[in-house]
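Given next are the chains, with one letter for each unit.
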Amino acid sequence: MNLPIYQMVTVKSALLEDVTEVLVNGMNQHRPVALVIDHLTRDDQREIIGLVENWFSEGLNSPRYPYPVYLVSPLGEALGQVPVVANVKALPAFFRKKEGKPNVRETQLITRNRIMQQEVRNSDPLQVDATLLRYGLHHRQLWRLVEEGAFYERLLARLRQKGQA
Amino acid sequence: MSDKKKAASSDDLKGFEELIQPPNQQRPGEITPGKNAGGEHFTFLLQDGDRLQSIVALVSDKVPMLRKFSQGEKLLESQTRTNARLRAELFAALDAEGAPLQRSMAEVFDGFFGKTR
Numbered sequence: 001m002n003l004p005i006y007q008m009v010t011v012k013s014a015l016l017e018d019v020t021e022v023l024v025n026g027m028n029q030h031r032p033v034a035l036v037i038d039h040l041t042r043d044d045q046r047e048i049i050g051l052v053e054n055w056f057s058e059g060l061n062s063p064r065y066p067y068p069v070y071l072v073s074p075l076g077e078a079l080g081q082v083p084v085v086a087n088v089k090a091l092p093a094f095f096r097k098k099e100g101k102p103n104v105r106e107t108q109l110i111t112r113n114r115i116m117q118q119e120v121r122n123s124d125p126l127q128v129d130a131t132l133l134r135y136g137l138h139h140r141q142l143w144r145l146v147e148e149g150a151f152y153e154r155l156l157a158r159l160r161q162k163g164q165a
Numbered sequence: 166m167s168d169k170k171k172a173a174s175s176d177d178l179k180g181f182e183e184l185i186q187p188p189n190q191q192r193p194g195e196i197t198p199g200k201n202a203g204g205e206h207f208t209f210l211l212q213d214g215d216r217l218q219s220i221v222a223l224v225s226d227k228v229p230m231l232r233k234f235s236q237g238e239k240l241l242e243s244q245t246r247t248n249a250r251l252r253a254e255l256f257a258a259l260d261a262e263g264a265p266l267q268r269s270m271a272e273v274f275d276g277f278f279g280k281t282r
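Chains L and U are the protein sequences, given in the same order.
Take 1 as the starting number for the first sequence in this note's numbering and just add one per residue.
Take 166 as the starting number for the second sequence in this note's numbering and just add one per residue.
Isolated chain U (complex conformation):
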């Protein structure tokens, strides 16, 4: 009975022998089973490729752009001007008649030396 079944199944597979892959034979592109069964090396190489891609983008695109069109000096100049304006505003506000600093200083001096007016 079992011989008959075997014979029948071998008849069914006739013509498909080439397409059926025997076990333990690796197709090109398949990950080798064993230590690297989880595709560890493949993932590692993909990540390394991404890392290299970022470095290539940095050294061949971003750095030359930074060298040719550096914004650093202009931004520093602009911020220095803004700070100077703010400082001037601050001094003006502190120096104004009746300003909080003036009032506090008057209180301190009056406390020590008595009222001048």
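Here chain L stands alone, though its shape is the one from the complex:
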């Protein structure tokens, strides 16, 4: 059993078969994945980002959990759901640990974590994403309405204050 540290996957080219070769169901179930595409041309990188986004939008896997998936490309921040980092050093430090053979206690923890990974895997990423998106949207709308209400209340308070004076 391996530690859940980054698995660096270098994509050979922007050809569909090369990209689909690395996009495997449950690819981020046990450890975070960094798809390295910074050695390819800019057009190829753009195409791969599009293909990866499409693959994740099908809803079989989420690029956020149980472990995150990153694209390593100097193209900068993409607008999609898969985060793009400029280089390997820019990957979040949490999962950047030295590879090593786990001891007995660590193996027990990995086994316990595996059960939780499976539980997360059983959820429907499309439904989860849609629910969270709607929840966030409602929060933003509510915040705007409350701000508007607070503005009216401030105006009313000032008017009443002036009326009394």
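These are computed hints drawn from the structure, not numbers from a lab.
Please note that the accuracy of each hint is not assured.
Stated by the list, open to error - Covered by chain L, per the in silico footprint, the following chain U stretches (three or more residues, Cβ under 8 Å): (1) 225-233; (2) 239-251; (3) 254-265; (4) 271-277.
Note that beta-carbon positions come from the ideal geometry of N, C-alpha and C, so glycine has one too.
Following the hints, position chain U against chain L.
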């Protein structure tokens, strides 16, 4: 003299040989010394376990609850009603005879066109 001491100490330890752990032998559950001497991986795995626990709670408890009993629409409706009431109150207060806005507007108009009354 030293041989005598050695012999005495080996006699004292008789029967406890199995319990005494020789150096460089790791017991199950002990952290491997070396690169991982500070228990870095162990702490990392514990933190990762907490992270996974939070995700499990989100996707298996919180999200289904949100889906079934969403409060968003009701809260939005309620706040929209409150805003409409406040707006009506505000307009009424501005439109009242002798209201500050009326007075200010009267001053502006009187300044330009002269007093109407």
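We went through each hint and held it up to the structure:
Restraint check on the region 225-233 of chain U versus chain L: 4 residues with Cβ-Cβ distances below 8 Å, three needed, restraint holds. Evaluation of the coverage hint for the region 239-251 of chain U: fulfilled, as 7 residues show C-beta separations to chain L shorter than 8 Å, against a requirement of three. As drawn, the region 254-265 of chain U meets chain L at 6 residues by the rule of a beta-carbon pair under 8 Å; at three or more, the given contact holds. Restraint check on the region 271-277 of chain U versus chain L: 0 residues with Cβ-Cβ distances below 8 Å, three needed, restraint violated.
In summary, the one numbered hint that this structure violates is 4.
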